[in-house]
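First to last, the sequence lines map onto chains W and X. Everything in the first sequence is counted per our numbering, starting at 1 for the first residue and increasing by one. Everything in the second sequence is counted per our numbering, starting at 1 for the first residue and increasing by one.
Derived from the structure by calculation, the hints contain no laboratory data. If you're wondering where the values come from, they're calculated on a predicted model, not measured in any experiment. Where hints are given, some of them may not hold.
Below, computed lysine to any residue pairings styled on SDA-like, alpha-carbon distance capped at 25 Å [claimed, not checked]:
id: 1; chain 1: W; residue 1: Lys2; chain 2: X; residue 2: Lys254
id: 2; chain 1: X; residue 1: Lys254; chain 2: X; residue 2: Lys322
id: 3; chain 1: X; residue 1: Lys34; chain 2: X; residue 2: Glu215
id: 4; chain 1: X; residue 1: Lys16; chain 2: W; residue 2: Lys16
id: 5; chain 1: W; residue 1: Lys171; chain 2: W; residue 2: Glu215
id: 6; chain 1: X; residue 1: Lys12; chain 2: X; residue 2: Ala362
id: 7; chain 1: W; residue 1: Lys16; chain 2: X; residue 2: Asn121
id: 8; chain 1: X; residue 1: Lys360; chain 2: X; residue 2: Leu47
id: 9; chain 1: W; residue 1: Lys48; chain 2: X; residue 2: Leu306
id: 10; chain 1: W; residue 1: Lys2; chain 2: X; residue 2: Ser20
id: 11; chain 1: X; residue 1: Lys333; chain 2: X; residue 2: Thr277
id: 12; chain 1: W; residue 1: Lys322; chain 2: X; residue 2: Gln59
Here is what each chain is made of, one letter per residue.
There are 2 protein chains.
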Amino acid sequence: MKLSNYPIRTRKETPKDTDSKNASFLIRGGYIDKLMAGVYSYLPIGLKVIKNIENIIRQELDNIGCQEVLMPVLSPKENWQKTDRWDNLDVLFKMVGADDQEIALNPTHEEIIVPIVKGMNISYKELPLALYQIQAKFRNELRVKSGLLRGREFLMKDLYTFHATEEELDKFYEISITSYKKIFDRLGIGDKTVVTCASGGTFSKYSHEFQTISESGEDTIYLCEKCQEAVNKEIISENNKCPKCQSNDLKEKKSIEVGNIFKLKDKYSEPFGLKITTKDGNEVNAIMGCYGIGVSRVMGAIVEVLAEENKIVWPEEIAPFKYTIISLGKNEKAEAVYNELNKSASVILDDREDISAGQKFADADLIGSPHRIIVSEKSLASGGYELIDVKTKNSEIKKI
Amino acid sequence: MKLSNYPIRTRKETPKDTDSKNASFLIRGGYIDKLMAGVYSYLPIGLKVIKNIENIIRQELDNIGCQEVLMPVLSPKENWQKTDRWDNLDVLFKMVGADDQEIALNPTHEEIIVPIVKGMNISYKELPLALYQIQAKFRNELRVKSGLLRGREFLMKDLYTFHATEEELDKFYEISITSYKKIFDRLGIGDKTVVTCASGGTFSKYSHEFQTISESGEDTIYLCEKCQEAVNKEIISENNKCPKCQSNDLKEKKSIEVGNIFKLKDKYSEPFGLKITTKDGNEVNAIMGCYGIGVSRVMGAIVEVLAEENKIVWPEEIAPFKYTIISLGKNEKAEAVYNELNKSASVILDDREDISAGQKFADADLIGSPHRIIVSEKSLASGGYELIDVKTKNSEIKKI
Numbered sequence: 001m002k003l004s005n006y007p008i009r010t011r012k013e014t015p016k017d018t019d020s021k022n023a024s025f026l027i028r029g030g031y032i033d034k035l036m037a038g039v040y041s042y043l044p045i046g047l048k049v050i051k052n053i054e055n056i057i058r059q060e061l062d063n064i065g066c067q068e069v070l071m072p073v074l075s076p077k078e079n080w081q082k083t084d085r086w087d088n089l090d091v092l093f094k095m096v097g098a099d100d101q102e103i104a105l106n107p108t109h110e111e112i113i114v115p116i117v118k119g120m121n122i123s124y125k126e127l128p129l130a131l132y133q134i135q136a137k138f139r140n141e142l143r144v145k146s147g148l149l150r151g152r153e154f155l156m157k158d159l160y161t162f163h164a165t166e167e168e169l170d171k172f173y174e175i176s177i178t179s180y181k182k183i184f185d186r187l188g189i190g191d192k193t194v195v196t197c198a199s200g201g202t203f204s205k206y207s208h209e210f211q212t213i214s215e216s217g218e219d220t221i222y223l224c225e226k227c228q229e230a231v232n233k234e235i236i237s238e239n240n241k242c243p244k245c246q247s248n249d250l251k252e253k254k255s256i257e258v259g260n261i262f263k264l265k266d267k268y269s270e271p272f273g274l275k276i277t278t279k280d281g282n283e284v285n286a287i288m289g290c291y292g293i294g295v296s297r298v299m300g301a302i303v304e305v306l307a308e309e310n311k312i313v314w315p316e317e318i319a320p321f322k323y324t325i326i327s328l329g330k331n332e333k334a335e336a337v338y339n340e341l342n343k344s345a346s347v348i349l350d351d352r353e354d355i356s357a358g359q360k361f362a363d364a365d366l367i368g369s370p371h372r373i374i375v376s377e378k379s380l381a382s383g384g385y386e387l388i389d390v391k392t393k394n395s396e397i398k399k400i
Numbered sequence: 001m002k003l004s005n006y007p008i009r010t011r012k013e014t015p016k017d018t019d020s021k022n023a024s025f026l027i028r029g030g031y032i033d034k035l036m037a038g039v040y041s042y043l044p045i046g047l048k049v050i051k052n053i054e055n056i057i058r059q060e061l062d063n064i065g066c067q068e069v070l071m072p073v074l075s076p077k078e079n080w081q082k083t084d085r086w087d088n089l090d091v092l093f094k095m096v097g098a099d100d101q102e103i104a105l106n107p108t109h110e111e112i113i114v115p116i117v118k119g120m121n122i123s124y125k126e127l128p129l130a131l132y133q134i135q136a137k138f139r140n141e142l143r144v145k146s147g148l149l150r151g152r153e154f155l156m157k158d159l160y161t162f163h164a165t166e167e168e169l170d171k172f173y174e175i176s177i178t179s180y181k182k183i184f185d186r187l188g189i190g191d192k193t194v195v196t197c198a199s200g201g202t203f204s205k206y207s208h209e210f211q212t213i214s215e216s217g218e219d220t221i222y223l224c225e226k227c228q229e230a231v232n233k234e235i236i237s238e239n240n241k242c243p244k245c246q247s248n249d250l251k252e253k254k255s256i257e258v259g260n261i262f263k264l265k266d267k268y269s270e271p272f273g274l275k276i277t278t279k280d281g282n283e284v285n286a287i288m289g290c291y292g293i294g295v296s297r298v299m300g301a302i303v304e305v306l307a308e309e310n311k312i313v314w315p316e317e318i319a320p321f322k323y324t325i326i327s328l329g330k331n332e333k334a335e336a337v338y339n340e341l342n343k344s345a346s347v348i349l350d351d352r353e354d355i356s357a358g359q360k361f362a363d364a365d366l367i368g369s370p371h372r373i374i375v376s377e378k379s380l381a382s383g384g385y386e387l388i389d390v391k392t393k394n395s396e397i398k399k400i
């Protein structure tokens with residue numbers, strides 16, 4: 001892409017009502033546009049980041065045998081009544097359709113996936129069945145804040161698995177933890193993201209959250225210095241011990257919940273009558289797990305953790321462009337570099353005329369490519385272009 | 001993929017309340033699941049079809065310089081009041097949020113894209129600006145029917161272009177027609193899809209629809225035998241002439257509207273004050289075009305046009321799997337063929353045991369791969385596997 005005709009609009013000022021570092025950076029960088037509180041549009045460069053996040057998640061879930069589906073935004077009241085959540089989920093957006101039927105905007109999809117799988121008449125031979133989607137979710141929050149960290153409309157990956165026994169669920173649950181660690185590593189926040197024991201609700205001892213340590217997080221966790229896992233403040237025991245290794249060397253941290261995994265057991269299969277036929281011909285309630293990652297929240301979390309006020313270095317696999325080429329003289333030489341690199345990588349060339357070098361550098365800081373190239377009279381006099389690893393600041397001159 | 005652990009569930013019977021050929025076929029084939037009237041989930045094999053359709057559209061729009069964005073499902077009342085559509089669009093889903101603000105579920109996105117582009121401060125040098133998305137759309141219809149042809153929630157590609165003059169819009173409009181023809185050719189319905197003059201509203205003489213000729217269509221068009229374009233019955237003139245070539249050799253046809261393009265001029269830029277700075281420094285209202293393709297409707301239309309009752313041959317680029325391999329004996333040889341083909345194409349292997357050959361053929365008819373491979377004792381005795389071009393029924397024996 002060439003910036004002379006690529007629709008990125010950077011801003012010097014953060015809009016007045018911006019509520020967080022991530023929203024401020026992403027709006028100034030032309031990644032997102034705020035439509036209303038908690039509702040954002042993804043502009044071309046922002047959608048590139050979202051797609052990069054989604055593709056990493058898809059690849060890793062495909063690797064552990066998951067299949068992608070797409071469920072609707074709308075669902076009928078009766079599905080939510082079956083699980084007692086129509087009246088009890090206070091963030092459920094509700095409306096009445098032209099045919100006087102009450103409709104929900106789905107904040108999660110257990111009430112949709114379970115009847116789908118019921119229609120499949122699954123037998124034990126086909127297990128585990130693991131279906132996921134990447135879809136918008138809706139929460140009718142009274143107040144929202146923190147940019148992409150908490151929205152009324154946001155993008156989630158939600159995976160649901162189906163098993164005949166709790167042992168099989170436990171096995172997949174462990175596989176999912178390994179998979180999630182790979183995902184957060186590739187997303188560039190693995191070193192700041194810890195597995196955290198959290199409430200298991202009324203039917204499991206624990207669920208697990210993936211918490212990214214950040215001062216801007218809404219959650220409080222206690223990080224175990226011994227095993228590097230954590231426990232959510234909500235369930236910390238009186239004796240303040242790590243539930244995993246029993247160490248009491250715990251440090252309080254603020255954090256952002258970027259993922260969670262939950263053993264649902266038969267909480268949702270039972271009300272819908274979703275049964276599995278076992279090897280010996282019995283029918284048992286399907287045993288379920290669910291596994292979420294906040295796709296748009298991850299985008300916000302990466303910015304919270306990695307951006308400085310006017311600058312980000314996106315992780316290698318997340319960057320909207322791997323290379324930003326800044327042309328500081330005539331564009332011909334810079335275009336030659338662009339044409340060569342563009343064959344095998346995503347590249348943006350700042351070929352804009354009538355724009356100062358300072359403005360080009362400032363915009364490159366917002367675009368956040370991990371590799372920056374400068375083509376200038378000075379670099380050409382030194383023998384070519386200057387290639388800078390933005391994170392380490394190492395630079396070298398490369399021949400054109 | 002191997003059918004022994006791929007979650008396709010075919011059905012022999014069509015559910016009772018199924019309202020159309022496309023819904024009947026797609027539900028029996030395990031492509032979609034009906035959640036409520038006009039609201040469907042896409043199951044793994046169905047989502048593959050949707051993604052294939054989307055990718056063709058993306059490639060062709062990228063080729064004419066369009067950039068992808070993603071706008072929200074939700075929008076605030078005030079945006080719709082600005083264009084007088086809050087009270088006048090009768091299919092607008094409306095609800096009230098927890099903060100007592102009224103919210104719409106977007107049936108189209110002019111009210112969202114125009115303020116976004118206003119924030120970009122576009123100058124004539126950056127034109128044409130062409131932004132599109134693929135997103136769910138919502139229509140609060142009293143009654144819905146026809147499966148994926150008319151839904152309450154459905155997938156659309158919507159493109160919006162911005163220009164300084166009507167001449168520039170006219171130029172892009174012609175480019176879009178060429179692009180749309182390529183898209184519908186690649187979607188496999190180009191030979192049945194005709195450019196159709198339709199109402200231009202109060203501010204343009206005509207808009208143009210892309211109508212796929214089908215008995216199950218809701219629209220009526222008059223197809224000109226001379227120029228092969230058509231005119232929608234809604235605007236047919238009293239003298240019944242083709243608006244393009246003036247021929248009166250017109251044939252009445254039923255058809256499905258799969259796309260439409262519209263010169264909006266300044267209808268939406270004016271209420272939001274979206275101006276373009278021209279070469280001589282003047283500010284003029286942005287001149288806009290909009291261009292839709294019904295992504296999920298196209299999936300339904302392909303089925304209406306190409307499927308027989310129990311069978312489809314998907315177009316080459318749309319098929320969820322290019323090859324279906326039917327294993328009729330021991331699976332070893334079939335797996336060898338699968339492993340080889342799977343390196344370069346999408347393949348599904350029916351390796352299920354305890355299932356009759358008849359059931360395997362019936363399921364292959366629903367999966368609809370354009371190329372079918374049979375590995376049986378008979379084929380092996382003949383020297384390898386039987387490769388069948390399903391459309392022409394040509395078959396040949398290939399060595400394994």
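Against the earlier hints, flag every one the structure doesn't satisfy and list their numbers going up. Result: hints 1, 2, 4, 5, 9, 10 and 11 break, sorted rising.
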